[in-house]
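Student: Take the given structure of chain A and dock chains B and C to it, following the hints.
Okay, here's what each chain looks like letter by letter:
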Amino acid sequence: MIRFLSYRLLSGLIVIVGVSILIFLLARVIPGDPARLALGPEASNEQVEAMRQQMGFDRPLVEQYARFITGAVQFDFGRSLYTDQPVSSDIAAGFPATLELVLYSGLSMTILGVGLGIASAHYKDRWLDNAARLFSLLGVALPNFVWALLMMIVLAFWYQWLPLSGRLSEWLTPPPHVTGLYTLDALIAGQWGVALDALLHIILPAFALSLSGMAQISRLTRTNMVDSYDRPYVEFARAYGLSEASVAFKWALRPALIPTLMILGMQIVALLGNAFLVETIFMWPGLAKYGVNAIVRKDLNAVVGVVMVISFFFVLVNMIVDTVVSFIDPKIRLKSS
Amino acid sequence: MTQSSARWRGWRRFARNKLSVLGAVLIAVVFFCAIFAPYVAPYPEHAGVVVNFLDANQPPGAKYWLGTDTVGRDVLSRIIFGFRNSLMLGAVVIAISITIGTAVGMTAAYLGGKTELVLMRITDIFLAIPSLVLAMAILGLAKPSQLYAMIAMATVWWPWHARLVYGIVRSLKYEGFVVAAEVVGASPLRVMFSELLPNCAPNLFTKASLDMGFVILLGASLSFLGMGAPPPTPDLGTMVSEGAQYLPDIWWLSVMAGMGIFIVVLGFNLVADGLRDLFDIVG
Amino acid sequence: MKEILTVKDLDLTFDTLDGPVNVLRGVSLSVREHERVALVGESGSGKSVTARAILGLLPERNRRLTGSVVFEGSDLITERPSRLRERRGRDMTMIFQDPMAALNPVYTIRNQFLAVLSRSHPELNAEQAEARMNKALRDVSIVDPIRVLDSYSFQLSGGLNQRVMIAMGLISRPRLLIADEPGTALDVTVQQQTLLIMKRLSESYGTSILFISHNLGVVRQFADRVCVMYSGRIVEEASTAELFANPRHPYTRALLASVPRLSSNELPEPIEGSVPDPREPMKGCPFKPRCALATDECLQPIPLREFGMQRVACIHQEEFA
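Residue numbers (the working numbering), protein chains in the order written: chain A, 1 to 337; chain B, 1 to 283; chain C, 1 to 321.
It is possible that part of the hints are untrue.
Cut-off 27 Å, straight-line C-alpha distance, at most; resulting in silico cross-link-like pairs (DSSO-like, lysine-lysine) [to be verified]:
hint, chain 1, residue 1, chain 2, residue 2
1, A, Lys124, B, Lys18
2, A, Lys250, A, Lys331
3, B, Lys143, A, Lys298
Just so you know, these hints were derived from the structure itself, not from any lab.
Isolated chain A, as found in the complex (with noise of 0.2 Å):
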């Protein structure tokens, strides 16, 4: 178990190492000139040279590279461009916000997708599993922009029932800062109106973040249990007289869930890079949304540090799922060790 851990972990680490590497090298080469980006076309070549040596654009590659991955490593990114602070506490800044968006969506996708899923698959052919096709196909065609936009439309504009933007309505000032999560921070304050105004504005963003991962995860999750209810073990429930509740939640269910717990990781981890487009869409100030700024900026220190800050949580959350995937499935676990 411990081997199986630490041979993760490594590679875990050498993949973080090659993403700054590959990161480090697009930004280098691909902008063209970043000190000249930085200062303007108005500045003169001198001012560029000076800038360049600033920068530390004239050392060598490898000498800029450990420059930037020691900095790296302590979380120091340098300063952004644009709002001139450092990078790292523009990324702190934002980082609660996505972190709240996409475990709410996490949770909507997990419980209403696995949900979908086992219904479908017990009402086999039925309406329920026909409207649950059409929705996943919706779902995963459906572009999840204009899903968020098109829910807007209809539940904030038309009907009014959830807002629009932001985290918290303006006339509200955000709960004592515990965890950066509002709707918890709130909850912890005691200040049951402000976690309820938080809540009401997550819902859209984060259900419209979850949309295509539900409907992945809801046909997943039917095909699997499909697959598992037609094997002799259930025969063999069902021939001991076992309830048909029993059969679905307990025996036919767990072994579908863990070719499910898989793909659901994936999927939760796919979150990190879709909240890009709902953040942008319904102004929420998170990580994401800094870096959609940052890039249309050209920021160059905002988009490198957003960009290593992402892949090191992606990095990080796939191990985290491999894991406990590992630990779920009795095959895995009994033949690793």
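Tutor: Just chains B and C now, with coordinates in the frame of chain A:
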């Protein structure tokens, strides 16, 4: 059952599956629009630079079936040209991606050893960054343009193909027909081309059709975020984002463009599902 | 001896995408107390389906079932599903062909055994249950029951899994145990062991067994009575001794002739032709196309005729009298 009658059964199954047929129809429509865009679109000139303020912001009606945008261009025509754009983008990206991915995956799997380790690690590294993020990073660091968009997307996509081919070749490596070729003295290159490649083809083909949908989706996402082709090129994603600012009053721009994306992606997804069934029977 | 299971005129049709498929065409058989009855036939004869029909394990939809299955006085077909479910796993149990596949791969044996045990003995606490399970496993000659209980099915050998299933099948001391091809998935020697265990336990618990097999050797050793099934119908029924000494139905004779025997120098003869397609409606005797004695009268519905303790569905019996 002979090979050809199995294939016939497969096609019949494809035809019987209503969804696959629907998908094929959708794709056919899209392709038709794309190829014959200048003839199909009611206002082909609106795909370019046109300023028609008199007719700006018209809701869907008799003159402009899907309405007009903020500078008076016909939404329907732009969507039709947008299809052309998307398909071209998708095709090029997938072509590049399959080429690179197959080369990497096959080489890694067949040659094994250090080569395998290094190549697959590199693949893992590319996969460690979320697709959208990587594409945005590449595009963002460069100038937004069609060419760079294609390069960025191909860079994001090739690892998936590499993985797929890697898996297939790894399981085929020790099969009889491969060993036979080696024994006869075929060079590794030859073995890869004439023996291994044809075996990857059905899988790659199915994946390519599924990929088309997702690549187009990725492209639309990128242009929605402002990193697509610069104006006035008609691009579905850009149209959605242009229209987003004017919601909910001028809804038709975003919604119609969104539907356009939906039709394309749905069509490819349905066909891909059907193809999977088809190849399951034959292969 | 009293009959505990009486199946009469069981007729089952499935509505499939290819049309209606008549898999059971009027099956009748019975099992008495302390009896071991074998249901023999080739693949596709309908024997597995019969077992499932008896237990009520058929899929709910797209099927039509007529006839009666009387178990301990009540007709299982007309009974309420909940009542039927209650009796399953308690008064009537089943063991399956592939024991490793029949056990859930993600739960320990203990977990599954507990689920089964609670069907017949819900009142036991954890300790008592553990003791019961331990004893049950020792009764099937498992020497380290605790290790087995802690394991998963894929960690145990086929033979062990099979014995675990037998233990589960008999723990409620059911009146009837249905065994679907017991030991088929196992090594021949292990199969022997398993069957001996089944025999011993069923005798001491007073459990009747209905077992399904295509293996005549096993049947001969193990069964008191044999029902031969062909294409959804019982074509012959007799005591084991009678059947092997004096097979009457042409199919039975052909079946016996097709089994290789160590004691004889003759080569086994395969039966010509193949099993009829259950999708086609059938008139008269299903074996007619392959039968050497077939005549036009065989197109009429054939009744089961009695010859002493034997029953045969063939009109050409005078030839063998």
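Student: Taking the hints in turn, state whether each one holds.
Tutor: We went through each hint and held it up to the structure:
no., hint, result
1, A:Lys124 to B:Lys18, "18 Å, holds"
2, A:Lys250 to A:Lys331, "18 Å, holds"
3, B:Lys143 to A:Lys298, "10 Å, holds"
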